[in-house]
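Asker: Sequence:
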Amino acid sequence: MTDDEFIHRRVFRAPRELVWHCLTEPAELAHFWGPRGTTTPADGIVVELWPGGRFETLIVGEHGVHRMAATFTEVVAPERLAWIEPASGMRTTSTLEDLGGGATAVVIHQRHVPEAMRTPESRDGFLTSLDKLDEHLVRRTGSARRCGGEPA
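Per this note's numbering, the sequence shown starts with residue 1352, numbered consecutively.
Honestly, the hints are just simulated from the structure, not real lab data.
Among these hints, one or two may not hold up.
[What the hints assert, rightly or not] Computed cross-link-like contacts, SDA-like style, restricted to lysine to any residue with a CA-CA straight-line distance of at most 20 Å: (1) Lys1483 with Glu1399; (2) Lys1483 with Arg1364; (3) Lys1483 with Ala1438; (4) Lys1483 with Leu1409; (5) Lys1483 with Ile1396; (6) Lys1483 with Arg1360; (7) Lys1483 with Leu1369; (8) Lys1483 with Thr1375; (9) Lys1483 with Ile1410; (10) Lys1483 with Glu1425; (11) Lys1483 with Ser1473; (12) Lys1483 with Glu1472; (13) Lys1483 with Pro1465; (14) Lys1483 with Gly1493; (15) Lys1483 with His1372; (16) Lys1483 with Glu1466; (17) Lys1483 with His1382; (18) Lys1483 with Thr1389; (19) Lys1483 with Glu1368.
[Unchecked claim] Here are the simulated distance ranges between beta carbons: (20) Arg1405 with Gly1453: 15 to 25 Å; (21) Asp1394 with Asp1354: 31 to 41 Å; (22) Val1411 with Asp1475: 27 to 37 Å; (23) Glu1368 with Ala1393: 33 to 43 Å; (24) Glu1413 with Gly1451: 38 to 48 Å; (25) Val1411 with Gly1452: 36 to 46 Å; (26) Thr1422 with Arg1469: 19 to 29 Å; (27) Ala1438 with Val1411: 27 to 37 Å.
Because the structure is a prediction, the values reported are computed rather than measured.
Beta carbons: idealized from backbone N, C-alpha and C, even for Gly.
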């Protein structure tokens, strides 16, 4: 791994298809996208779920608004989702592995991460979005709990 890449791994007690659905539907993404303390309005999310399709989000927080505009480079439901953010060159690949028993491992590999996003605060903020996903899955299933997982 280089200085400008991160790998995050989390295991969720939720079926892979549900995790995929939450990662690819604007109404679901609005519940957890962005660091804790921010909001992402569903009407500010665009998901064109095919290679070459747009992936756009609008995160609103106390420090202003952050727009993310990306292009999907790979869509293999419900296993792999990848995009590039042309403005920064950052590439993100999310891999979902069905662990059986209703558990799913999610590995997020980010490459060419801009320097401003490599700070401990930015990394911690990103990890809170995974916490928010876990909480959303709990609400969706009524029984999901994160199995564990540390950054790889």
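Asker: Each hint needs a verdict: does it hold in this structure or not?
Answerer: Do the hints match the structure? See the list:
no.	hint	verdict
1	Lys1483 with Glu1399	23 Å, violated
2	Lys1483 with Arg1364	14 Å, holds
3	Lys1483 with Ala1438	26 Å, violated
4	Lys1483 with Leu1409	17 Å, holds
5	Lys1483 with Ile1396	17 Å, holds
6	Lys1483 with Arg1360	15 Å, holds
7	Lys1483 with Leu1369	15 Å, holds
8	Lys1483 with Thr1375	15 Å, holds
9	Lys1483 with Ile1410	14 Å, holds
10	Lys1483 with Glu1425	25 Å, violated
11	Lys1483 with Ser1473	15 Å, holds
12	Lys1483 with Glu1472	17 Å, holds
13	Lys1483 with Pro1465	23 Å, violated
14	Lys1483 with Gly1493	15 Å, holds
15	Lys1483 with His1372	15 Å, holds
16	Lys1483 with Glu1466	24 Å, violated
17	Lys1483 with His1382	8 Å, holds
18	Lys1483 with Thr1389	11 Å, holds
19	Lys1483 with Glu1368	18 Å, holds
20	Arg1405 with Gly1453: 15 to 25 Å	32 Å, violated
21	Asp1394 with Asp1354: 31 to 41 Å	36 Å, holds
22	Val1411 with Asp1475: 27 to 37 Å	19 Å, violated
23	Glu1368 with Ala1393: 33 to 43 Å	21 Å, violated
24	Glu1413 with Gly1451: 38 to 48 Å	41 Å, holds
25	Val1411 with Gly1452: 36 to 46 Å	37 Å, holds
26	Thr1422 with Arg1469: 19 to 29 Å	22 Å, holds
27	Ala1438 with Val1411: 27 to 37 Å	19 Å, violated
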